[in-house]
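Chemist: Read off the chains here:
Number of protein chains: 4
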Amino acid sequence: MALLVEKTSSGREYKVKDMSQADFGRLEIELAEVEMPGLVSCVTEFGPSQPLKGARITGSLHMTIQTAVLIETLTALGAEVRWCSCNIFSTQDHAAAAIARDSAAVFAWKGETLQEYWWCTERALDWGPGGGPDLIVDDGGDATLLIHEGVKAEEIFAKTGQLPDPTSTDNPEFQIVLSIIKDGLQVDPKKYHKMKERLVGVSEETTTGVKRLYQMQETGALLFPAINVNDSVTKSKFDNLYGCRHSLPDGLMRATDVMIAGKVAVICGYGDVGKGCAAAMKTAGARVIVTEIDPICALQALMEGLQVLTLEDVVSEADIFCTTTGNKDIIMVDHMRKMKNNAIVCNIGHFDNEIDMQGLETYPGVKRITIKPQTDRWVFPDTKSGIIVLAEGRLMNLGCATGHPSFVMSCSFTNQKVYVLPKHLDEKVAALHLGKLGARLTKLTKDQSDYVSIPVEGPYKPLVRVWSGWGNMRYWSSYEVDQILVSIRGCCSLVLRGCFMFCFVFPF
Amino acid sequence: MALLVEKTSSGREYKVKDMSQADFGRLEIELAEVEMPGLVSCVTEFGPSQPLKGARITGSLHMTIQTAVLIETLTALGAEVRWCSCNIFSTQDHAAAAIARDSAAVFAWKGETLQEYWWCTERALDWGPGGGPDLIVDDGGDATLLIHEGVKAEEIFAKTGQLPDPTSTDNPEFQIVLSIIKDGLQVDPKKYHKMKERLVGVSEETTTGVKRLYQMQETGALLFPAINVNDSVTKSKFDNLYGCRHSLPDGLMRATDVMIAGKVAVICGYGDVGKGCAAAMKTAGARVIVTEIDPICALQALMEGLQVLTLEDVVSEADIFCTTTGNKDIIMVDHMRKMKNNAIVCNIGHFDNEIDMQGLETYPGVKRITIKPQTDRWVFPDTKSGIIVLAEGRLMNLGCATGHPSFVMSCSFTNQKVYVLPKHLDEKVAALHLGKLGARLTKLTKDQSDYVSIPVEGPYKPLVRVWSGWGNMRYWSSYEVDQILVSIRGCCSLVLRGCFMFCFVFPF
Amino acid sequence: MALLVEKTSSGREYKVKDMSQADFGRLEIELAEVEMPGLVSCVTEFGPSQPLKGARITGSLHMTIQTAVLIETLTALGAEVRWCSCNIFSTQDHAAAAIARDSAAVFAWKGETLQEYWWCTERALDWGPGGGPDLIVDDGGDATLLIHEGVKAEEIFAKTGQLPDPTSTDNPEFQIVLSIIKDGLQVDPKKYHKMKERLVGVSEETTTGVKRLYQMQETGALLFPAINVNDSVTKSKFDNLYGCRHSLPDGLMRATDVMIAGKVAVICGYGDVGKGCAAAMKTAGARVIVTEIDPICALQALMEGLQVLTLEDVVSEADIFCTTTGNKDIIMVDHMRKMKNNAIVCNIGHFDNEIDMQGLETYPGVKRITIKPQTDRWVFPDTKSGIIVLAEGRLMNLGCATGHPSFVMSCSFTNQKVYVLPKHLDEKVAALHLGKLGARLTKLTKDQSDYVSIPVEGPYKPLVRVWSGWGNMRYWSSYEVDQILVSIRGCCSLVLRGCFMFCFVFPF
Amino acid sequence: MALLVEKTSSGREYKVKDMSQADFGRLEIELAEVEMPGLVSCVTEFGPSQPLKGARITGSLHMTIQTAVLIETLTALGAEVRWCSCNIFSTQDHAAAAIARDSAAVFAWKGETLQEYWWCTERALDWGPGGGPDLIVDDGGDATLLIHEGVKAEEIFAKTGQLPDPTSTDNPEFQIVLSIIKDGLQVDPKKYHKMKERLVGVSEETTTGVKRLYQMQETGALLFPAINVNDSVTKSKFDNLYGCRHSLPDGLMRATDVMIAGKVAVICGYGDVGKGCAAAMKTAGARVIVTEIDPICALQALMEGLQVLTLEDVVSEADIFCTTTGNKDIIMVDHMRKMKNNAIVCNIGHFDNEIDMQGLETYPGVKRITIKPQTDRWVFPDTKSGIIVLAEGRLMNLGCATGHPSFVMSCSFTNQKVYVLPKHLDEKVAALHLGKLGARLTKLTKDQSDYVSIPVEGPYKPLVRVWSGWGNMRYWSSYEVDQILVSIRGCCSLVLRGCFMFCFVFPF
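The listed protein sequences correspond, in order, to chains W, B, L and G.
Quick note, the first sequence lines up with residues 1 to 508 if you use the numbering used here.
Quick note, the second sequence lines up with residues 509 to 1016 if you use the numbering used here.
Quick note, the third sequence lines up with residues 1017 to 1524 if you use the numbering used here.
Quick note, the fourth sequence lines up with residues 1525 to 2032 if you use the numbering used here.
Read the hints as simulated data drawn from the structure, not as lab findings.
A virtual CB, placed ideally from N, CA and C, is assigned to each residue, including glycine.
Chain G stretches covered by chain B per the calculated footprint, using a threshold of three residues with CB under 8 Å from any CB of chain B:
id: 1; segment: 1809-1816
id: 2; segment: 1823-1830
Keeping only pairs whose Cα atoms sit at most 27 Å apart, straight-line, the calculated DSS-like set for lysine-lysine is:
id: 3; chain 1: G; residue 1: K1967; chain 2: L; residue 2: K1356
id: 4; chain 1: L; residue 1: K1031; chain 2: B; residue 2: K880
id: 5; chain 1: L; residue 1: K1388; chain 2: B; residue 2: K523
id: 6; chain 1: B; residue 1: K954; chain 2: W; residue 2: K338
id: 7; chain 1: W; residue 1: K196; chain 2: W; residue 2: K15
id: 8; chain 1: W; residue 1: K340; chain 2: W; residue 2: K372
id: 9; chain 1: G; residue 1: K1896; chain 2: W; residue 2: K15
id: 10; chain 1: L; residue 1: K1344; chain 2: G; residue 2: K1970
id: 11; chain 1: L; residue 1: K1033; chain 2: B; residue 2: K880
id: 12; chain 1: B; residue 1: K525; chain 2: L; residue 2: K1033
id: 13; chain 1: W; residue 1: K446; chain 2: B; residue 2: K846
id: 14; chain 1: B; residue 1: K525; chain 2: L; residue 2: K1126
id: 15; chain 1: L; residue 1: K1462; chain 2: G; residue 2: K1862
id: 16; chain 1: G; residue 1: K1735; chain 2: L; residue 2: K1462
id: 17; chain 1: W; residue 1: K372; chain 2: G; residue 2: K1541
id: 18; chain 1: G; residue 1: K1896; chain 2: W; residue 2: K110
id: 19; chain 1: B; residue 1: K836; chain 2: W; residue 2: K446
id: 20; chain 1: W; residue 1: K443; chain 2: B; residue 2: K836
id: 21; chain 1: L; residue 1: K1126; chain 2: B; residue 2: K880
id: 22; chain 1: B; residue 1: K951; chain 2: W; residue 2: K338
id: 23; chain 1: B; residue 1: K880; chain 2: L; residue 2: K1388
id: 24; chain 1: G; residue 1: K1970; chain 2: L; residue 2: K1354
id: 25; chain 1: W; residue 1: K211; chain 2: W; residue 2: K152
Not the full set, but computed from the structure, chain G residues with beta-carbon under 8 Å of chain L:
id: 26; residue: L1835
id: 27; residue: N1851
id: 28; residue: Y1975
id: 29; residue: V1976
Could you build all of it, start to finish, from the sequences and the hints given here?
Modeler: Written out as structure tokens, the structure reads:
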């Protein structure tokens, strides 16, 4: 590939769009820090002890201003960091430039091709001949996937001498993955094995990535421990619910300037993301219709005054369609053909296969008119009517806006760090953010504490559940978790240990 | 005691306020049935097989119109039923009359004294010399408590010949409990032991009752299995969140006719009940201030634009105070003294000790003016200013209004019955209510089902957790639960078995 | 008629349901005073000067607790008062009892027949041989109507000797009116002429009553001046919008205990009343559909996310129907036949002809089952399915609940009094209520005041419009209004003068 | 000045930022047309008759995509158009390019200096030696102001030979105005007189511009008729209320990416703009505090649960400050000094003097850091803390976002055209937008129409008020207005006549 790594004057590698945007990025990072009290408090509290001293961290996570604050929190705690984005559209180029210049190795820009995307991922994982990172901060699981596929290919190669064959698959993206592994294999046939050896674990941010991990765990394919950050309350509720409530209208407005009031918005899925999206659309004056498979979620939607119908019932009447399911094949090209002229179709769930982009792209005679980057009008030849697809079916809040606001990401990101002791858990993350918002907590009296059997200092949700897999789970008490954390990898700092288990740690 | 049991022409026992209200009660029961599709579906589906044939069920649960529909569902499934209320103010007398006349033994009226209350509880438990009920439907745990205390006293008596001594406690309510047990002991020294022997288990509706059960479990004092209905989503979310969102304003308006818009409302606690209350007050136009001990709940309140402060910060500025904590000593008499004239103080949490009623009643020189039943103005001698206390500090939605609406209670009550197979769980309860609201669910395709590893028919939340106690828990898979259910008490029908475990059974 | 006037020990006339409820009424009046700062301030400010000394005031306005505070404000300012209700269901009997005992002549009880209703109206107008009241506080215009019809009949009688003939009309209510006039004529053939002579004017509270006045004005039939209180902002916005937002759910819950969340509610009309109703239903979790004739109001509904359809489109799908139009024939019996079983039908607009009660009552084979007073189930013979009609089609917030809360009524009622000087207007009414709600106003600087040409002390809306009729209007400046007020009826106090014009006085 | 007019190949003048953005602009104009059914319907209905044939129209109104659709509506109806923006930041450069290339003479770009701004205004008014435009579409009144000042200066020059002296004023912007007039005078001493002679009238969009017109009218200085578009319901409610509800969060998010939930937002002023802003902030999860001078507006805020305080009360606690008053000196530099670090300060009212920008700019030692265009951080030397000021204190929704969405502007702009017959009025504008939103209106029956005295076809609000000035007003009936419209300027088409009166025409 023609892509060349560049180096800063201090010799740190990077590949970004435009280094001259570093000053602008720095200004916005400084703004964001004021909005991210959780991360800033981590630096204040843990910085002096340098708990991440010597740790190598690779991140595959949207390279935004908020992520920049996370990266600089990690480096302030002593870590070395290499970073790529986990989405071809989600990088903010000024953020990437500032970090590349000042803090860490970055390989990311807005509008990567798929080929460039995987090149960046491989670069972020490559720490040289000594093996890979100690820790991966993954979002969607692509970095984790690359290592697993790499190890698999290396094993086959060791046994049979056979290189991976990109033509063995129809999936164009997987062809690229195989090519990259093939290239690596020819240079170092133990490259991914070395990574696996060094790796203490991965922390995963998303529902989708977590699901992948569970599936690997179930089949015994999982090569290293993982921690599910997605399911802590301060991540899932804040990132999914409040974050999407903020960023769906943001993305819609930036991409289309459409008036939301008076429109009919269909939200596919009513989990936390869907709840946030539906709330945003409703309060902006849209009429919201929900599609759901789960009767409990459906009943919750009804209790908020939202209609629950199938996509087929409303496809030709609605103005805005947004997928939030984490499942595939939600809006198919046959749905899109029946939509009103200029209906808006977007995805805030996870992968771009929630929307049948392939069906759309290959529809005979369909015409794509790019209004502006990440805003395309697709015109069907038979009806001459067009629909607006945002971010090419990928995450519209990252592609069309700037992702979640700093405050939300501070809640999510502080979780990376805060699993020192499980009893603090989420509650510590939440508490770190209250001062900024002027809140004052009530304290339990000793007498009340006894009455409800909850310690004065918390945790206020009594139960910690930890398990080692989806089908085959086991639960420990909060005390057991402490013991387990202590026993893992004595060489790691306590702070790191919190992240390095394949477990859920969250309040009941 | 001078209370006399009456009998219907068919010989069934009862004690209600006014049998002439039975027709009125019947009309409202018929109305409520239309609103309770879950229970009605249970009768349609399970009625013919009479799964509860021969079972004796005692209920201690607010004797409302909605409960009447539950009782008649149980009798339609074959059970015999005896009932009392679990709150001195919560009985609807026309509901009690209709049930007493038509379906079951009822001992309940609005405005019982504490002495009358415990007499009713004892009556509901007394199935004659053959022992007590097979199943208790408990709410708050008073029926469970009476049996436990009874067994304890019988044991002491058996060993030492000593009768319980009501003067041994300062608590006036507990004095009554001891008196009743003492009276029973003198008639039959094995009365409560027989009950315990026969009892297959108890299902408990409330957080508070569940907590008591856990505490007994932990100390080894729990005498029989129990099922926590409180924590199923269709109970906790619907009853607590949506139910209180409905019934807090209802109770306020019936009791005081106060304009909610423009007022400052303090909601103590921001769990599910608090969330429902805060939403109701906010949407009615009040400014809402939340008090919390838990930083995560506090952050959730802030994300909805609510202020989080301590009670002390706002005690002299707010117009409405509502406790939702499940803890005691939330609003003390010293708070009440500092409130504005005619500030409203009420409790929708659980026991009346959320509000310091004792402190209020014994405040020197305080004057109580009863505006109407369950609405009292208490005037402080020093300031001459008064506060309005609803339902004497007990649950205001039951004391001042009519409790949760039928639709909500249908969600809660259907849970009593639905634990046939855990994989149906909550989802079945929810699904039974969707038709009534005109909702249409989306179906997973086989392909999507594989992609997300969720069966087409559900359950959509993959995990079932079952445990046997608070501190000492264990979890089983959905399959294990099935096995356990099958193995318990072969003599019981499958339907009953679902209820008769001391376990949580709820979706992840 | 067999109705007999009773007398208090001091000789004041009354006819109420139950005098023993006077103490209860007094307690609730005292509560309401705290919620009605506008009226209480009037007493404080104007009481010492007794501006209404010697004035006779007749009121025809819902005899509620809030009206009781109004009546006692009038008597505190020096007036003598006689009162009836303007709706057969709206009286609160304890309020009537307290006023009858303590303050004024009252003829009103909950559940009057139409015959009793008009007897009460006639009693309230009858001040003995010296003629009628100086001022009428009218709501819906029935008192005004009676005088106009009386004068008309007297004129015919004077010319032709002919008495009014009740059989000359099909309208059963108008038959009663004619009977009463006929009876009066036979006693005193100048009774209504004397009333007209003495009467300085009427203040009218409702849109409907105002419309009647305009129609009489246009045809030259209006016999005395009138003031439209309905269209001041503190009346129309507060009473209509905020009042109905409060009292629609209140009435629904008291009458039916139905869960509003999840239901489909149809609001017929989207004026101020409809806006309040729709907001209440939406925030309680219902899905709201609006019917409208006016495209501007329709567009406003759409901007709030509400669907705008015709009644026919949704009649068989909705759960709750509420008319708010002020027009007739909105929900016809043919609509009602198509509704779901137990659909709720109610009216919060004005007259009971918004709902086709006559069509319902005369539907062949229809069966009426009274659940409780003001809550009827009507079952159609063909479908066996029934609908719930509230308050017999009359105002459900008065029939099923207790009308608007005190705070709202304080805004409306203070208008009765406050038109001393038009420049104060509504703004004074509003300002009197701010302190209670803890608000702090900003003051214009002199410089800002000049910049926007608004006086520092207000009025903040620059225009005062006054006119003398609907088709034939004329407008005066604020200054002119002052002059006119001063010139009318020198014998009246300044306070009264504000009320005694046929004019709108409200801010632009 | 060094600015040079450019010409298209067809010879039409223009001055825009970048003609290569014309294609992008065209795509977005086509999108916007789908959202602007009112304007598109005008072209369909009136296009064939070319009612504006031969009319010259000058516009001074934000040169956005939505305005582009308005301009092309005007040209489709036959007019020739010259355009400038009315705000130095509000131009969308791609919109300007598309219009300049395809439809009209445009002089506008984002980020004009004040000198450039007035140069553009003068260019838009200059139609060559034959005088100025027939009609001005003004927004804020700057085009109107320039003609008035020009005429004044020409009169002085004619009498005394004296040229205007820019140094006679301290106001830097007015110095520029005088310079431009001075330059013009030296070329053609009758330039502005000729404009005035030709001009049939001006339509004014904003409250501020309308106020200026009234002040000129009152002093007799107004030189030509004007029509107030601002006060039609479809303009004021939609543009002000719904438009700002949409665009305040849009601007905040684009400029700062700040999380709105959890923040304290102060909205200065609670008129229609303030109501829209407060609703947007509240529903996004902020806690909203309102400042007001008018007690009625204050009471409305309280009824929505908003706190009403003075700016001084909250200046150091709030996170976001937004002015909406139309008055000056709302947020002074002394307020800004006391704000929290990174508090956001913005104006969505009208002129930039709502915020004391001059005080800020001249504060000793203050440091301005431009994060990005229209987003500045101002750091105070004493506290080292900074505030974020948006759009340099000018309209933030235009400076930081893209102004109101197309749908709202379609409501506003269609008013330009629709005053053919006053009885259609606003209602026609509203009706033209209903179809797009899937609404179905209810029709009055003849019987209902008679009952409420409203024609079946509307207008549904019965009154039309027309007057000729603020202090000295007169009102006509709807019929009179028709007559007046017919009598004005027989040479103009009926469509134009609607616009060319100095009058309000709006429903009661």
